[in-house]
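Since chain C is already given, all that's left is putting chain U on it; use the hints.
Here the protein sequences line up with chains C and U, keeping their order.
So the first sequence is numbered by the numbering used here: it starts at 48 and just counts up by one.
So the second sequence is numbered by the numbering used here: it starts at 997 and just counts up by one.
Bear in mind the hints are in silico, worked out from the structure with no lab data behind them.
Keep in mind it's a predicted model, so treat the numbers as computed, not measured.
Some hints here could point you the wrong way.
Distance ranges between label pairs, derived from CB positions [what the hints assert, rightly or not]:
1) H184(C) <-> G1050(U): 46 to 56 Å
2) S139(C) <-> A1007(U): 51 to 61 Å
3) R71(C) <-> G1050(U): 20 to 30 Å
4) L1290(U) <-> R56(C): 38 to 48 Å
5) V216(C) <-> G1157(U): 28 to 38 Å
6) G1158(U) <-> P49(C): 35 to 45 Å
7) E1022(U) <-> A203(C): 51 to 61 Å
Counterexamples of contact, computed for chain C against chain U with all Cβ distances above 10 Å [stated by the list, open to error]:
8) S74
9) E105
10) R132
11) R159
Even for Gly, the Cβ is constructed at its ideal location relative to N, Cα and C.
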Amino acid sequence: MPIVMDADRIGRALTRIAHEIVERNKSLDGIALVGIRTRGVHIARRLAKALQDITGQEIPTGALDITLYRDDLMRHTVGPQPLVRLTEIPFSIDDRRILLVDDVLYTGRTIRAALDALIDFGRPKVIQLVVLVDRGHRELPIKADYVGKNIPTSAAESVQVRLQETDGVDDVTLQQEGA
Amino acid sequence: MSDETLPVATALRHKDLLAISDMTPEEIRLVLDTAEAMKEIGSRTIKKVPALRGKTVVNLFFEPSTRTRTSFEIAEKRLSADTLNIAIASSSVVKGETLADTALTLEAMNPDMIVLRHSSSGAAHLLSRICKSSIINAGDGTHEHPTQALLDAYTIRSRKGGIAGLKVAIVGDLLHSRVLRSNVHLLTKLGAEVWVCGPPTLIPVDIARLGVKVTHRVDEAVEGADVIMLLRIQLERMQGAYFPSLREYFSVFGMTEARVKRAKDDVIIMHPGPMNRGVEIASEVADGPFSVILDQVANGVAVRMAVLYLLAGGVEHHEEAA
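Pulled out of the complex, with its shape left as it was, chain C reads as follows (with noise of 0.2 Å):
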């Protein structure tokens, strides 16, 4: 089970995207983070931390749950409900700038059905994609505005994000399907 990342290596990563952030954007006013649940929550927040170490602003931070706008649910026939959890964007996103945050890009299908969850929730004027690694196969054409690492994978791999909040660890490994 070969470690991609350790727990240093996410640090630097998240703290250089945070730096991309305020360099690409002007300004942080109207910037929002909305973290994809679960782990990309948790690095929503640690970006808003990130982002508040180096501008002494404080970015409102949301978690969206997809599972309600997931392509595939109800196509089969038989097999129990994905778990739904809750979504809380405590703030308005109608012409903010959101920074959509999820731990692994992969088909591009959670961020498809990210995308349209926010659209109910009113017209931001950009979305931009976090990603903290980025293993490649797409399924529909989706690409990350900021990547903390491009991870070449096979499609018989799978890609584990685990983090502090809620592994205890932190670390990316890349494991062989089935194994």
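Same frame as chain C, now just chain U:
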């Protein structure tokens, strides 16, 4: 969120929701947790998610109902299901069709779910045996009204943080109440101490076997209670003289401010509706600071969305000779 350390199921085990007595505590918590997420959808500007797109839900109501039917319909629409309402007065039932034939006729049009309200106990079970669609019991006779108990539990949990260990006093017409039966099953499964109270003529025989404490004295039921739940006096189901008069009922069992004072300082007052003011509940109590009666209505939509969503995916059930 509450009860965070308690186990939660990952799915419901049956294709239907017929009775709380069939559910495990883990399944009940799954519905309540899912309802937390559904509640947020109702607070958005666009109160709609695409989860049940392309699913057809038939609301088949053989008894008059405003709140339950409306609540289900709003829940279905918020999940993007196609809904169809069939009320008794406009259906072939008045032409003599049986419940089974009505259901099979509807089923031939291939709905995904049927929400059934019927005056006969066991009507939902009958449909679940003959229909492939998921059946949701929206009240069958004097048997059960599971979604009402689930929304009551949701309301209690959101106010009290949990259900285990609470003293819940249920006062009113216990004999004719499907809400009582569903609530007793649910609250005892989740570890509440349930007291039931009413005139002896309106208490079902053997109710104590469901694990509740029975009393005819309101003051004893209400003493130190965390939750007071009132049940409607169902005059339409009463074929005999169960008590001398409504005024006498109110003076002996009606929930007044004086009686509420015996409960805990942070007691909540619940009523599944429709209320008879001045019979089972005084207006000052119904509209008072402890009343969560309108919360119950609001939470009903979220809980029904959760049930619809959880049943819509289909459950791994064993079909005979498929």
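Structure-based check of each hint:
| no. | hint | verdict |
| --- | --- | --- |
| 1 | H184(C) <-> G1050(U): 46 to 56 Å | violated, 28 Å |
| 2 | S139(C) <-> A1007(U): 51 to 61 Å | violated, 35 Å |
| 3 | R71(C) <-> G1050(U): 20 to 30 Å | violated, 40 Å |
| 4 | L1290(U) <-> R56(C): 38 to 48 Å | violated, 53 Å |
| 5 | V216(C) <-> G1157(U): 28 to 38 Å | holds, 31 Å |
| 6 | G1158(U) <-> P49(C): 35 to 45 Å | holds, 44 Å |
| 7 | E1022(U) <-> A203(C): 51 to 61 Å | violated, 35 Å |
| 8 | S74 | holds, 27 Å |
| 9 | E105 | holds, 23 Å |
| 10 | R132 | violated, 6 Å |
| 11 | R159 | holds, 12 Å |
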